[in-house]
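Construct all of the structure, not just a fragment, from the sequences and the given hints.
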Amino acid sequence: MKIKFIQSAVLASALVFSGAASAGTLEDVQSRGTLICGVSGGLPGFSAPDDAGKMQGVDADVCYAVAAAVLGDSSKVQFVPLTAKERFTALASGEVDVLSRNTTHTLTRDATLGINFTYYNFIDGQGFMVKKSLGVKSAKDLDGARICVQAGTTTELNMADYFRQHGMKFTPKGYDTSPQTREGFEGGACDALTSDKSQLAAIRSELKDPSSAVILPETISKEPLGPVVRQGDDVWFNTVKWVLYAMINAEELGVSSSNIGSKSSSDDPNVKRLLGNEGEMCKGISANLSNDCFMQAVKQVGNFGESYERHVGENTPIGLKREGSVNALWSKGGVIYAPPLR
Amino acid sequence: MVKKPSQHHANIPLHRNPRVRAVVFQVVAISLLLWFLSIIAGNTVSNMAERGITVGLNFMGQVAPFEIGYTPFWDYELGVSKYWEVLVVGIQNTIFVSIFGVFAATLLGFIIGILRLSPNWLVRKMASAYVETFRNIPLPLWIFFWYVAVFLPILPPPRDSFILGAGFFLNKEGLYTPKPLIENSVTASIFFILLLALVVGLFYLRRWAKKRQDATGEIFPFASTALAALLIIPVVLFYALGSPLHLEYAEMGKFIMTGGINLNFSFFVLWFALTVYTAAYIGENVRAGILAVSRGQSEAAHSLGVRHTPTLRLVVIPQAMRVIIPPTISQFLNLTKNSSLAVIVAYEDIVNVFAGVALNNTGQALPIIAITVLLYGTLSLGTSAILNWYNKRVQLTER
Numbered sequence: 002m003k004i005k006f007i008q009s010a011v012l013a014s015a016l017v018f019s020g021a022a023s024a025g026t027l028e029d030v031q032s033r034g035t036l037i038c039g040v041s042g043g044l045p046g047f048s049a050p051d052d053a054g055k056m057q058g059v060d061a062d063v064c065y066a067v068a069a070a071v072l073g074d075s076s077k078v079q080f081v082p083l084t085a086k087e088r089f090t091a092l093a094s095g096e097v098d099v100l101s102r103n104t105t106h107t108l109t110r111d112a113t114l115g116i117n118f119t120y121y122n123f124i125d126g127q128g129f130m131v132k133k134s135l136g137v138k139s140a141k142d143l144d145g146a147r148i149c150v151q152a153g154t155t156t157e158l159n160m161a162d163y164f165r166q167h168g169m170k171f172t173p174k175g176y177d178t179s180p181q182t183r184e185g186f187e188g189g190a191c192d193a194l195t196s197d198k199s200q201l202a203a204i205r206s207e208l209k210d211p212s213s214a215v216i217l218p219e220t221i222s223k224e225p226l227g228p229v230v231r232q233g234d235d236v237w238f239n240t241v242k243w244v245l246y247a248m249i250n251a252e253e254l255g256v257s258s259s260n261i262g263s264k265s266s267s268d269d270p271n272v273k274r275l276l277g278n279e280g281e282m283c284k285g286i287s288a289n290l291s292n293d294c295f296m297q298a299v300k301q302v303g304n305f306g307e308s309y310e311r312h313v314g315e316n317t318p319i320g321l322k323r324e325g326s327v328n329a330l331w332s333k334g335g336v337i338y339a340p341p342l343r
Numbered sequence: 067m068v069k070k071p072s073q074h075h076a077n078i079p080l081h082r083n084p085r086v087r088a089v090v091f092q093v094v095a096i097s098l099l100l101w102f103l104s105i106i107a108g109n110t111v112s113n114m115a116e117r118g119i120t121v122g123l124n125f126m127g128q129v130a131p132f133e134i135g136y137t138p139f140w141d142y143e144l145g146v147s148k149y150w151e152v153l154v155v156g157i158q159n160t161i162f163v164s165i166f167g168v169f170a171a172t173l174l175g176f177i178i179g180i181l182r183l184s185p186n187w188l189v190r191k192m193a194s195a196y197v198e199t200f201r202n203i204p205l206p207l208w209i210f211f212w213y214v215a216v217f218l219p220i221l222p223p224p225r226d227s228f229i230l231g232a233g234f235f236l237n238k239e240g241l242y243t244p245k246p247l248i249e250n251s252v253t254a255s256i257f258f259i260l261l262l263a264l265v266v267g268l269f270y271l272r273r274w275a276k277k278r279q280d281a282t283g284e285i286f287p288f289a290s291t292a293l294a295a296l297l298i299i300p301v302v303l304f305y306a307l308g309s310p311l312h313l314e315y316a317e318m319g320k321f322i323m324t325g326g327i328n329l330n331f332s333f334f335v336l337w338f339a340l341t342v343y344t345a346a347y348i349g350e351n352v353r354a355g356i357l358a359v360s361r362g363q364s365e366a367a368h369s370l371g372v373r374h375t376p377t378l379r380l381v382v383i384p385q386a387m388r389v390i391i392p393p394t395i396s397q398f399l400n401l402t403k404n405s406s407l408a409v410i411v412a413y414e415d416i417v418n419v420f421a422g423v424a425l426n427n428t429g430q431a432l433p434i435i436a437i438t439v440l441l442y443g444t445l446s447l448g449t450s451a452i453l454n455w456y457n458k459r460v461q462l463t464e465r
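Same order as they appear, the protein sequences are chains B and U.
Here this note's numbering is used: the first residue of the first sequence is 2, the next is one more, and so on.
Here this note's numbering is used: the first residue of the second sequence is 67, the next is one more, and so on.
Simulated from the structure, these hints should not be mistaken for laboratory data.
Since this is a predicted model, take the numbers as computed values, not measurements.
Note that beta-carbon positions come from the ideal geometry of N, C-alpha and C, so glycine has one too.
Heads up, a few of these hints could be off.
One side only, chain U facing chain B, incomplete, derived with CB under 8 Å [as the list claims (entries may be wrong)]: (1) ILE78; (2) PRO79; (3) ARG82; (4) LYS320; (5) VAL409.
Label pairs and their computed distance ranges (CB to CB) [as the list claims (entries may be wrong)]: (6) U:GLY127 x B:LYS170: 19 to 29 Å; (7) U:LEU260 x B:LYS170: 32 to 42 Å; (8) B:LYS170 x U:GLN279: 55 to 65 Å; (9) B:SER134 x U:ALA358: 28 to 38 Å.
Structure, rendered in structure tokens:
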């Protein structure tokens, strides 16, 4: 879109104009009093406004948790919806403090975009959704198909790799946003839609007739999604990373938003460190953080599992069962693993 | 007694001397500009260094890791083609839709503009309604509307294409036409040479007809003759030479049709939306131009016995062109720039594939945006240059 183009141009010029020697992001956020968080804004389960207009989802929860830890108040977040194409420029130019927009960690992004991936808040894999009427049973039957995709994503690249690897041809239809991609698929501009499987479930649930589409069994890629910060600000990098780790540690330790009050008298040194009652954990990251920063995050937002079940778990429209999936804790057969908080 | 100028200047103080002041102000202005530019440059470099981003054009030589759907003028191959080819494809697709859009919008705009002044009440009001509808709703909404609400639902999926006959098919992938392939290169070249001769012949016929009309006043029906010749002669030639070309028809593959020439659906919707939108503005320019021609001109023509249509064509429009062209140039430029909304219909123009996808995959925001800006600048200045040249030709020459 032209508007998007103008935005990119503005963002590019922000790279030109933004102050060269800025203070750390943590200090900037604290003096501003709000955290500016880049999200998708249109992806149920990850970040989408609810009926009351409040941003909801596992990506949004990262923003709330960081705000709770840094500012003491999870509501002090300003959300900036970004398209896949705009997001890295927006982050690198300082338009947003954190990018929490179902973003896949890859080498090229790490190495060339001037950004750092903290950790993962959802581990996904790419799949295909097709119209049931086509009678396609496997992604390998898609030779020659037209495929709707969000332009500028790793999804687009994985799809290209997959078809090349299997000697198949395809016609991509690249759109800007997830809703536009869905409209294209629903209107018949393409035979299949490709995205991360969690998103396919969300998109399918939004079709006029969800039963008219099926999700194919193949998972063609690894998509570790997580919050991203600018390169060159280690304090901020550690802050965001450890807020996420703390949410995972809280789940491991059985500390949740509902029982955190009673846990304050716990004798377990691990819990004491998490709550800021022993040692200098938050203070160790930066003297500007209050030592109960992790406690605030867990108390106001919840632990990793709470956030998952609230937004993408079995009892949500997205309906992704956590037990036995890669998104379960390492101790329960998944790969979600946080370093020890000490 | 007249004072010498030098003596006069010697009397006023330096700060009030207009020549000194002019020079000083210009030096100050340029210094400020240079200072500003150097701050920007320095700031950019240090921001980049801080974030570990290296800027350069090296990425242009790397293989682009993504596929492009519609590349009618370039042999783009996934896994082989480089980023510079992405740029080329983007430029081609932008120019392609802009050129078609400019011609169609001009044609439609003229019709609308003339209808706006029609003596018929209903026609006039309908033309006004057209202009107001399209001018007052933002273009992105129109593009999305035409795509999602009109053309996608109307057209059938490739399996159930509308069969238009003679190897033409219409479906959600666009229009498919037969593709001529050369059967016999000798007779084919004779065929093309004769076609060229026909066009040259028609050109001379027109000159002859004009000369004769100037000399005798007799009108030769050139337009209808040329049309008939262009429709009939190639067909006769084609069969006389034993069909030097054969046609490849589009066939249904598993998902889409293969073979033939495909006029892409995304291209069509974008072209359509740009055309009907810009035509509303061009129509207003045409109306203004026609109204600017004094009534006396058409009254004089009428009193000489010239009828309504020739009066419009031969007397009013040529004079109106002087008023119409300058504002219409900016509409052409607007159309070209508005084609950057292509991503709404998944059309692969330069902003979509280069300033969008390529930027996202390389992170080279500065060079890519700079190239894109330069490109639009070049396109716009080029269009202006051509039309200004034409404008000079049609302007009143005073002798």
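Which earlier hints can't be squared with this structure?
1, 2, 3, 9
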